[in-house]
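Order-wise, the sequence lines are chains A and B.
Residue numbers for the first sequence follow numbering that gives the first Met the number 0, beginning at 0 and rising by one.
Residue numbers for the second sequence follow numbering that gives the first Met the number 0, beginning at 0 and rising by one.
If a hint is listed, it holds; no wrong ones were tucked in.
Rough simulated footprint, nothing fancy, chain B against chain A, three-plus residues with beta-carbon under 8 Å:
no.: 1; region: 2-8
no.: 2; region: 170-183
no.: 3; region: 214-222
no.: 4; region: 225-237
Straight-line C-alpha distance at most 27 Å; calculated BS3-like pairs for lysine-lysine:
no.: 5; chain 1: A; residue 1: 124; chain 2: B; residue 2: 88
no.: 6; chain 1: B; residue 1: 88; chain 2: A; residue 2: 88
no.: 7; chain 1: A; residue 1: 88; chain 2: B; residue 2: 85
Here are some chain B residues pointing at chain A (derived, C-beta under 7 Å):
no.: 8; residue: 19
no.: 9; residue: 140
no.: 10; residue: 173
no.: 11; residue: 225
no.: 12; residue: 232
no.: 13; residue: 241
Read the hints as simulated data drawn from the structure, not as lab findings.
No residue lacks a Cβ here, since even glycine has one placed at the ideal position from N, Cα and C.
2 protein chains.
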Amino acid sequence: MAIRAPIVKLTAGRMTLTHETSHYLCRVLRLRAGDAFLAFDPEALLEADATITVASDSAAEITVSETRGAKVVADVPLVLVYALAKGDKVDAVVRDATELGATRVVVARTERAIVKADEAKAANKLDRFRRVAEQAARQSGRADPPKIEGVYDFAAALEAAKSDTQARYCLDVRGTVELGALLPAAITTRSGIAFAIGPEGGLTDREVEAARAHGFEIVTLGRFVLRTETVAAAVLGAVRVLSR
Amino acid sequence: MAIRAPIVKLTAGRMTLTHETSHYLCRVLRLRAGDAFLAFDPEALLEADATITVASDSAAEITVSETRGAKVVADVPLVLVYALAKGDKVDAVVRDATELGATRVVVARTERAIVKADEAKAANKLDRFRRVAEQAARQSGRADPPKIEGVYDFAAALEAAKSDTQARYCLDVRGTVELGALLPAAITTRSGIAFAIGPEGGLTDREVEAARAHGFEIVTLGRFVLRTETVAAAVLGAVRVLSR
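Given only the sequences and the hints, what does the whole structure look like? Please build it.
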């Protein structure tokens, strides 16, 4: 894997690195004059090939080639099955999921959901979720917004989530296993991961059985009761933090 | 540690357990008739002492003593230093932090924040954040809302966060180490953890230096640019998922 280093205000030509980046490249990674690395500007969302000209632990000098737009894409499948909910709750979840690297969001009808969308309304909602995902992807420097799918019945949504995932978790109060006991291993093996999250009113016994039948482990996040949008941000955030 | 099992619709007297909980207690944990455990109802937020009367992998029977309100408290210090921001962004972060088990939220003034609060306004804002925390704690079944502190200058906020934490991380684009490389070890050792998150406009060089001087590692969450409230939910969510 190429060495990547963050450089704010990245511009083509000669640059002197900050203390921190100099230390990282020349002390921690032991780069010498003539060594190349990939420089990226996390604010401007640019990247460029760069070469060390003067190695130093505190003020290394580099030359930077022409900058280009950073094409950052999500790599490992990360699928969220989320129950259709009232108001702009799903908008917020789609936005979080986009920033946190979800590759697909599958919107599901569930028995206890307060919202019942007919076909026409469902199509409108999906259009809106797609616009939210596109906007969030642009703002987070992500080249590929997550694919928005649905609105499917819960079992069909679970089925859709199976196609590119090997590790599947359904978050539910009935869970007796904590997600944290299973997730790190799934990330280490770079498995495609799916999370299914029910509506505010919870999943029915039948829906939990459907999740189990589709290969989802029924898991919990521990002791506090979370809103479903917080669950989404927490589990996708855990994947983001642990994926390296 | 006492064995805890989730039982929806927990009531005093005799109950038959679901297949899942029976399997967990009698097969996985090998409880026998006469064995005791702590039953809790994650929806009603009740708990009770319970005893197995008939062990079974699929339909165990138990007796349940009088139920009591579940007193669930956050145990390991988990401190969030968050920059004062416009509108109800901080409200949303306080709500998430409460659900995800933060023990303290320290609100900070930062150089690039858009909001400048004078003393009177700051006191009003803190009052509002406290009400949000209390309400979120009630809704999530948490006995102790996080302590809300501030509004402090950034350096003073970092100093305040030091008192009960051993592992400290400042999320910033300049970070060359990924949080995921450090966080699991901090959780395994049950260290008190502090996160410092700057404003939407980012921290200044001087503020990052202050974080480093206060023992915060400068870390990143990887490639996508996140809104500051998503960063808060992601890092606290990762702690929640990994803490067991």
